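Participant: Here's the letter readout for the chains.
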Amino acid sequence: MKTNKILLFTAITFGTIFTSCKKDDPEPDPTTPTASTTYDNGVFVTNEGPFGSGTGTLSFISRSGSAVYNDIFEAKNTFPLGNIVQSMSIYNTKGYIVVNNSGKIEVVDGSSMATAGTITGFTYPRYFLGIDNSKAFVTEWGTSGLAGAVKVVDLTTNTITGTINTGKGAENMVKVGNKVFVACGGGFDNDSVVTVIDAITNVVDTTIFVGANPTYIQVDANNNVWVLCKGKQNATWTALEQTGKLVRLNGTSYATELSLSFSSTSSQPTNLVVNAAKTTLYYNYSGKLYAHAIASTILNSTATINRSFYALGIDPINDQFYGSDAVDFSSNGKVIRYSSAGVTIDSITVGVIPGNFYFK
Amino acid sequence: MCMLNVNAQNDSLHHLKVVEIKATRSVYFSSASKFQLIDSATLERYSNNNLADLLSHESMVFIKSYGLGSLASSSFRGAGSSHTAVLWNGFNLQSSMHGMIDLSLIPANFLNTVQLQFGSASALWGSGAVGGAIHLNNSNTFNKGISVYSNTSFGSFLDKQQQLSFELSKKRIVSTLKVFNHDAKNDFEFTNKAQYGKPIQRQRNAELKQYGLLQENYIQINQFQLLNTRYWYQYSDRQMPPSMTQNVNVAIQKDESSRFTTEWQLNKNKYSVNVRAAYFDEKLYYEDSLTALFSKSHSQSAIVELETKFSITKYDMINIGVNNTNNTANTESYNKPHNQNRSSVFASYRLHTLNLKWNAILNVRQEFVNNKAVPFTSSFGLDGNIFRYFYLKLNVAQHYRIPTFNDLYWVPGGNPNLLPESGLSEDATIAYKQALKKVKVELEAAAFNREIKNWVIWQPDVSGIWTPQNVQEVWSRGLEYKLNVDYRTSKWEIQVSGLYNYVLSTNQKSISANDATLHKQLIYVPIQNSQGNFLIQYKGTSISYNHIYVGYRYTSSDNKNYIKPYSVGNVRVSHDVVLTGAKIKVYAQFNNVFNEQYEIIEYRAMPLLNYQLGLAIYFHEKKQIKIII
Chain A
14 MKTNKILLFT AITFGTIFTS CKKDDPEPDP TTPTASTTYD NGVFVTNEGP FGSGTGTLSF
74 ISRSGSAVYN DIFEAKNTFP LGNIVQSMSI YNTKGYIVVN NSGKIEVVDG SSMATAGTIT
134 GFTYPRYFLG IDNSKAFVTE WGTSGLAGAV KVVDLTTNTI TGTINTGKGA ENMVKVGNKV
194 FVACGGGFDN DSVVTVIDAI TNVVDTTIFV GANPTYIQVD ANNNVWVLCK GKQNATWTAL
254 EQTGKLVRLN GTSYATELSL SFSSTSSQPT NLVVNAAKTT LYYNYSGKLY AHAIASTILN
314 STATINRSFY ALGIDPINDQ FYGSDAVDFS SNGKVIRYSS AGVTIDSITV GVIPGNFYFK
Chain B
70 MCMLNVNAQN DSLHHLKVVE IKATRSVYFS SASKFQLIDS ATLERYSNNN LADLLSHESM
130 VFIKSYGLGS LASSSFRGAG SSHTAVLWNG FNLQSSMHGM IDLSLIPANF LNTVQLQFGS
190 ASALWGSGAV GGAIHLNNSN TFNKGISVYS NTSFGSFLDK QQQLSFELSK KRIVSTLKVF
250 NHDAKNDFEF TNKAQYGKPI QRQRNAELKQ YGLLQENYIQ INQFQLLNTR YWYQYSDRQM
310 PPSMTQNVNV AIQKDESSRF TTEWQLNKNK YSVNVRAAYF DEKLYYEDSL TALFSKSHSQ
370 SAIVELETKF SITKYDMINI GVNNTNNTAN TESYNKPHNQ NRSSVFASYR LHTLNLKWNA
430 ILNVRQEFVN NKAVPFTSSF GLDGNIFRYF YLKLNVAQHY RIPTFNDLYW VPGGNPNLLP
490 ESGLSEDATI AYKQALKKVK VELEAAAFNR EIKNWVIWQP DVSGIWTPQN VQEVWSRGLE
550 YKLNVDYRTS KWEIQVSGLY NYVLSTNQKS ISANDATLHK QLIYVPIQNS QGNFLIQYKG
610 TSISYNHIYV GYRYTSSDNK NYIKPYSVGN VRVSHDVVLT GAKIKVYAQF NNVFNEQYEI
670 IEYRAMPLLN YQLGLAIYFH EKKQIKIII
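So the sequences go chain by chain: A and B.
In this text, residue positions in the first sequence follow my numbering: the first is 14, and each later residue adds one.
In this text, residue positions in the second sequence follow my numbering: the first is 70, and each later residue adds one.
Source of the hints: derived by calculation from the structure; they are not laboratory data.
Computed from a prediction, not measured in an experiment: that's the story for all the values here.
Certain hints may be false.
Where chain B lies over chain A, by a calculated footprint (3+ residues, C-beta under 8 angstroms) [said to hold, decoys possible]:
(1) 106-120
(2) 149-163
(3) 179-188
(4) 277-287
Straight-line C-alpha distance at most 25 angstroms; calculated BS3-like pairs for lysine-lysine [said to hold, decoys possible]:
(5) B:K405 - A:K107
(6) B:K405 - A:K347
(7) B:K267 - A:K107
(8) B:K405 - A:K245
(9) A:K347 - B:K578
Just so it is clear, CB atoms sit at the ideal spot from N, CA and C, and this is done for glycine as well.
Using the sequences plus the hints, can you model the full thing?
Facilitator: Right, dumping it as structure tokens:
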């Protein structure tokens with residue numbers, strides 16, 4: 014008798030335990046688009062994604078701000094982008110999304126985001142630059158983060174056709190005429206050069222020493238090239254043994270025309286962008302955003318915005334600033350928009366670690 | 070709670086009184102804590118598994134595993150991986166460098182029992198015993214004779230294991246040697262849902278090679294004194310498989326550890342004295358040629374502990390002890406080798422009724438790290454038999470965890486000014502235990518509440534350098550249910566058990582403006598998980614089924630991203646052939662029998678149905694003794 018009671022009791026308890034394991038899905042994200050959504054007239058935000066084994070995502074903010082879509086790549090293609098989404102470019106109506114730790118570029122239709130192939134074979138790729146209808150350059154840190162290179166990509170076959178060795182940690186590129194300037198930010202080490210490549214012959218033209226760890230690069234209205242060097246940490250990472258620098262190179266003679274050193278031995282300048290007219294540069298330094306008119310020969314001491322950003326963009330249509338905040342690097346980040354005068358417009362929640370912008 | 074005896078003793082009259090070698094404090098001064106004992110019979114079923122497998126199948130401790138044979142850490146009651154004290158015969162194995170221990174590197178067959186102590190127990194065990202403590206125990210019995218044990222298994226993905234044990238058990242001395250060797254390719258197939266077309270791929274760079282030995286000696290010097298020594302050496306060489314979102318991973322990790330302990334016990338009627346010492350040497354080499362990371366780290370710990378236990382009246386018991394732990398560690402990412410000296414004084418007082426049905430226990434500890442006092446820690450517990458079959462345990466405990474060497478000294482970012490994490494936990498356990506002739510029933514419900522203040526989080530500082538700060542505050546609370554029914558006759562045994570946990574572990578402090586992580590569940594802490602075990606045994610043949618359910622786990626701290634729950638079923642069949650002086654066991658273990666595609670960590674592939682087949686042979690020189698192996 015007693016045994017029977019116990020068995021009944023057992024059955025009831027088990028029933029309770031297993032039925033209580035409800036499978037109530039967390040709320041779906043209302044900003045996830047439907048598969049038929051198209052993305053024009055706005056800004057793409059590449060979100061690196063959580064560290065470790067996770068995936069990055071792509072967000073889109075319409076220029077008017079009325080629509081925000083998150084995770085737009087997976088919503089369309091039903092597979093995630095991959096580990097550490099680094100940057101995106103649109104070239105000849107196709108989107109090229111560079112996925113750093115997956116060593117690949119996902120190619121999509123620039124409007125619908127429908128997958129149009131994958132270019133594989135990179136080692137820590139960073140940025141994409143279209144050269145002509147059939148050719149693009151992609152910077153990568155390379156094996157060990159020391160073999161910085163530009164990979165030549167055939168856009169008709171989506172394959173890598175060549176390697177041009179550069180300085181360590183090849184990062185951002187700009188093109189002036191037929192020359193591509195590659196900022197070599199050091200990768201997992203340090204470097205101090207800009208490598209100039211002939212975009213027709215795929216051969217290195219020259220290597221220019223600029224300052225410690227040149228990472229960001231822009232072209233101004235006079236076709237001169239501006240390089241922002243982050244500076245170099247000392248061996249114990251307690252101070253900068255070489256401070257940051259803003260350097261102007263002549264776009265045709267490659268001569269260093271201006272070299273401005275930052276004073277701080279703790280803060281590294283980051284995020285060099287240029288306005289639509291290409292007459293004013295902006296960068297982050299010491300927790301603030303500063304402007305630098307291209308004619309100026311001194312560093313500005315008055316900030317435009319009293320805040321620094323994880324990533325910075327400037328909309329070439331209306332000169333609005335887009336600054337990102339990665340918050341705790343483990344939750345969805347934010348994009349804060351400012352007018353060209355530096356007045357806050359709004360704040361938009363995007364994906365985890367928003368790291369780059371592409372304006373369409 | 071108690072240690073499990075080898076059941077041979079009742080049969081034989083000329084045996085000496087069984088002398089148990091046990092971690093004194095855990096027996097007498099933690100009866101108000103909820104415990105789960107994983108006995109030698111259960112451990113034997115997991116003889117070719119590691120501690121991470123064992124705990125994920127047999128307990129509600131959440132095991133965060135990166136994959137088959139890969140790094141596995143634990144989360145106790147919603148706390149972090151460095152909030153579990155892992156005590157090997159009373160010595161804490163948590164790394165001074167990162168506060169964790171990889172549970173996948175602890176072979177189950179090196180242990181005699183595993184006990185899980187739920188709730189904070191820093192007053193007894195010091196820094197790190199925040200969410201709970203895992204007690205890994207070795208014990209032995211004198212005068213059993215000579216025995217030899219071998220166990221060989223072969224499994225999916227070229228998993229090959231060999232274990233060999235030798236034991237000499239005389240009147241006054243026991244000497245044992247266990248060795249193991251484990252190789253596996255782990256190249257299982259999985260559906261890569263992170264790639265276009267969701268192709269089926271074979272896991273790459275997942276091979277492992279491990280071997281180790283455990284040598285133990287127990288000497289009964291005279292009727293009052295016991296001495297033991299243990300030496301545990303282990304080497305592991307593992308490749309690090311890529312996640313589904315990475316294409317390539319070429320990293321490898323090598324772990325090498327040597328652990329030596331010795332203990333002297335004096336047990337008189339009125340008092341006992343224990344002196345124990347340990348020396349641990351741990352090396353880790355991590356190599357990732359893609360990122361040019363070649364990292365060597367090396368740490369040593371020297372631990373000396375002295376304690377004495379005595380009673381003033383027949384209603385009480387007192388334990389007083391001191392501990393000195395000296396840690397040294399070095400890696401390329403420190404600018405020099407660092408040393409840390411930790412000394413603590415601890416004391417326990419127990420007041421009990423004569424029949425020991427009711428106990429009230431006070432534990433206190435004061436630790437000094439490099440001569441600086443960390444928060445004073447105490448706990449107070451009460452436990453007893455309320456009426457008939459009902460038992461109650463109440464415990465209030467302070468806890469702390471000192472920052473790790475990496476937190477303090479890492480270049481860049483290490484913050485030497487970090488404070489210890491600390492806080493308070495309360496828990497209550499009510500149990501119903503009834504033993505009839507053939508049936509034993511145990512039902513248990515526990516509720517807990519815990520806060521951790523000054524939780525260390527790494528975040529970028531103003532100049533973008535990642536640095537740890539005492540910024541987070543975490544509130545964890547939950548309910549835990551357990552049911553065990555055991556039906557046993559001379560030929561039959563049926564065991565049914567179920568476990569269910571509901572744990573909320575939330576961030577209580579806003580770090581930024583409009584912080585979306587406020588009041589949100591910590592990442593990789595499942596709110597719900599449950600488990601069922603069923604075992605049926607007839608004579609020497611047994612079949613068991615184990616079912617695991619793990620609920621949603623959030624992967625972002627604002628709880629916007631999550632991974633789906635999973636259910637995994639495992640079956641084990643074994644058959645014993647008993648011969649004169651020997652026993653042969655053949656067994657088969659089938660994991661993930663329902664082919665569940667699941668991830669414990671996002672985009673980390675786990676294998677579908679896989680198996681292990683094994684053969685164990687046990688030889689014993691004295692045939693009158695029944696032995697559980």
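Participant: So, for every hint listed, does it hold in this structure?
Facilitator: Here's how the hints hold up against the structure:
1. 106-120: n = 4 at 8 angstroms, threshold three: holds.
2. 149-163: holds (count 4)
3. 179-188: Violated, because only 0 residues of the region 179-188 of chain A bring their Cβ atoms closer than 8 angstroms to Cβ atoms of chain B.
4. 277-287: Satisfied; 4 residues make the cut.
5. B:K405 - A:K107: violated, 51 angstroms
6. B:K405 - A:K347: violated, 39 angstroms
7. B:K267 - A:K107: holds, 23 angstroms
8. B:K405 - A:K245: holds, 21 angstroms
9. A:K347 - B:K578: holds, 19 angstroms
In this structure, the hints that do not hold are numbers 3, 5, 6, in rising order.
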